[in-house]
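Student: Protein chains in written order, with the working numbering: chain F, 1 to 189; chain C, 1 to 286.
Hint data in this document are derived by calculation from the structure and do not stem from the laboratory. Predicted, not measured: the structure shown is a model, and the values here were computed from it. Take the hints with a grain of salt, since some may be wrong.
As the list claims (entries may be wrong) - Calculated from the model, a selection of chain F residues having no Cβ within reach of chain C, i.e. all distances over 12 Å:
| hint | residue |
| --- | --- |
| 1 | P8 |
| 2 | E14 |
| 3 | F28 |
| 4 | Q58 |
| 5 | F117 |
| 6 | E148 |
| 7 | G177 |
Stated by the list, open to error - Here are a few chain F residues that face chain C, going by a calculated C-beta distance under 10 Å:
| hint | residue |
| --- | --- |
| 8 | L6 |
| 9 | V121 |
| 10 | L133 |
| 11 | L162 |
| 12 | K165 |
What the hints assert, rightly or not - Now the stretches of chain C that chain F is said to cover, found in silico as 3 or more residues with beta-carbon under 8 Å:
| hint | region |
| --- | --- |
| 13 | 44-53 |
| 14 | 70-77 |
Cβ atoms here follow ideal geometry from the backbone N, Cα and C, with glycine treated the same way.
Here is how the chains run, residue by residue.
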Amino acid sequence: MQQTGLSPDFTFLERVEAAGPFHATECFQCRKCTNGCPASFAMDLFPDQVIRLALLGQKQEVLSSQTIWVCAACETCSTRCPNGVRIAELMDHLKEMAVKEGVPSPQPQVLALHQSFLENVRLTGRVFEGALLPVFLLRSGQMRSKIEKGTWRDEARLGWKLLRKKRLSLLPTVIKGRGEISAILRPSK
Amino acid sequence: MKVTYYPGCSLEGTARDYADSIHAVCSSFGIELEEVPDWNCCGATAAHSINHKAGVELPVRNLKLAATVANSEMLVPCPLCFNRLKTAVWQLGGESSTRFQAEVGSRAPRIWDLANYFAGEEMLRKMEAAVTKPLEKLKVVCYYGCMASRPPEITGAADHENPQSLDLIVKALGATSLAWPYKTDCCGASLMISRPDMGYRLVGKLYDMALRVGAEAVVVSCQMCQSNLDMYQDKIEAEMGRRFSLPIIYFTELIGLACGVPGAEGWLSRHFTDPLPLLRRTGIAY
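Chain F extracted, bound-state conformation (with noise of 0.2 Å):
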């Protein structure tokens, strides 16, 4: 047999479809996902495409694909699908999966405001929007090129605005079960 280079991962489908059932081998690769979905210009691979190398074993193509991080989890796909693939469901565990195999995220951004959502919402139980975006520009490392290229400006004029038309609270709403939120969210890193 000649030698192809690839090497897939042959349980890798196995553990994904444990964490679901997602019916990723129900796929018979009609697109419906790829051409009704909004977000494909942005993708590197079509939604078709993650299933097909998801089902060849194919882990490191599909876990660093900036496809899974760009998805804007609409559910088109997994609607329209005419086989019951949830696709929108399986491009969440793949994220999930490669934030704890530690695959570098292609879209840094998208995974910075996740986290910075998650760790708003474990100290107070609420997300507090006035501290959502200051941390997440942080945590994006975008704080700092905002500020050499003035676009902060942009940013607090939003704030600003929101203040101004009372649509921005300045203190936080911490609720009475503040430690069973901390507790639900603890393992997420």
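Take the given structure of chain F and dock chain C to it, following the hints.
Tutor: Chain C in isolation, oriented as in the chain F frame:
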């Protein structure tokens, strides 16, 4: 009538205009809102993206708390919260499963997407009867977004590709709701912050189509859609080199305007894309 109410985090912050309009409109229709005690964040996109377990456990805590309130129905204005609560029910095996009964109990209320609740036949009739200022000259498109509809086996949406709730409400208030193909297309949600280029493109497409079918405003029920379409409109206009000037109005604000609920102009003044010129032009506001 008393119902349980799960507002969700944004309704305490950037969507306070929505929250205020809901409280005022519900009270004018004799609906008393009883907030879920000590409710927490549903986890939103962040939790289901990178922490599946939390994405279920956070809403399950809310379901348990909701079951301690003695009402048979719970209204949820935020479609993402609605979706996460319904997903949690689904993950537990459905309301009648032994797991759900053991974890949440038998007194869990029915979970309603707020727009669907208002689009029920009885509510529509009450609304029609309460209209004091029909919105006859107003032409809008109804924009539903993703989460109240999809996936239908979780949301229970009757027509997920062509939902009707907002259209029925808008018509009951006397306005014209125009047909358009992007009712349930995605606004990009949190990508507006982490990938603004993607958000701008997705939302720009919506504005373009809304104008092409002749709409003067977009009616929404989702505060995420509202903020993405409203707060960034000037930036997207600059990016695309054209003016849209499309007010993005909550359906509850329209109910308030048409039924003379006090406060409507105050809620609308909090929007970024000013709806007042349009409302004056169409004789709805002074």
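Student: Against this structure, judge whether each hint is valid.
Tutor: These are the hints, each one checked on the structure:
Separation of F:P8 from chain C is adequate, the least Cβ-Cβ distance of about 25 Å exceeding the 12 Å criterion. The Cβ of F:E14 lies farther than 12 Å from every Cβ of chain C, with a closest approach of about 18 Å, so its non-interface assignment holds. Residue-level check passed: F:F28 sits 20 Å from the nearest beta carbon of chain C, beyond 12 Å. The Cβ of F:Q58 lies farther than 12 Å from every Cβ of chain C, with a closest approach of about 22 Å, so its non-interface assignment holds.
Its beta-carbon lying about 4 Å from the closest one in chain C, F:F117 breaks the requirement of being farther than 12 Å from that chain. With a closest Cβ-Cβ approach of about 18 Å to chain C, F:E148 is found to remain outside the 12 Å limit, as its non-interface label requires. Look at F:G177: its CB is around 5 Å from the nearest CB on chain C, not clear of 12 Å, so calling it non-interface is violated. Annotation: interface hint on F:L6 violated; nearest CB of chain C at approximately 28 Å, more than 10 Å.
Annotation: interface hint on F:V121 holds; nearest CB of chain C at approximately 5 Å, less than 10 Å. At about 7 Å, the closest approach between the beta carbon of F:L133 and any beta carbon in chain C falls short of 10 Å, and the interface hint on this residue holds. Because the beta carbon of F:L162 sits about 6 Å from the nearest beta carbon in chain C, less than 10 Å, this interface hint is met. Proximity of F:K165 to chain C holds as hinted, the smallest CB-CB distance being about 4 Å (cut-off 10 Å).
With 10 residues having a beta carbon nearer than 8 Å to a beta carbon of chain F, the region 44-53 of chain C meets the requirement of three or more and the stated coverage holds. Interface restraint, the region 70-77 of chain C with chain F: violated (0 residues with C-beta to C-beta distance below 8 Å; minimum three).
When the structure is compared with the earlier hints, violations turn up for hints 5, 7, 8 and 14 and for no others.
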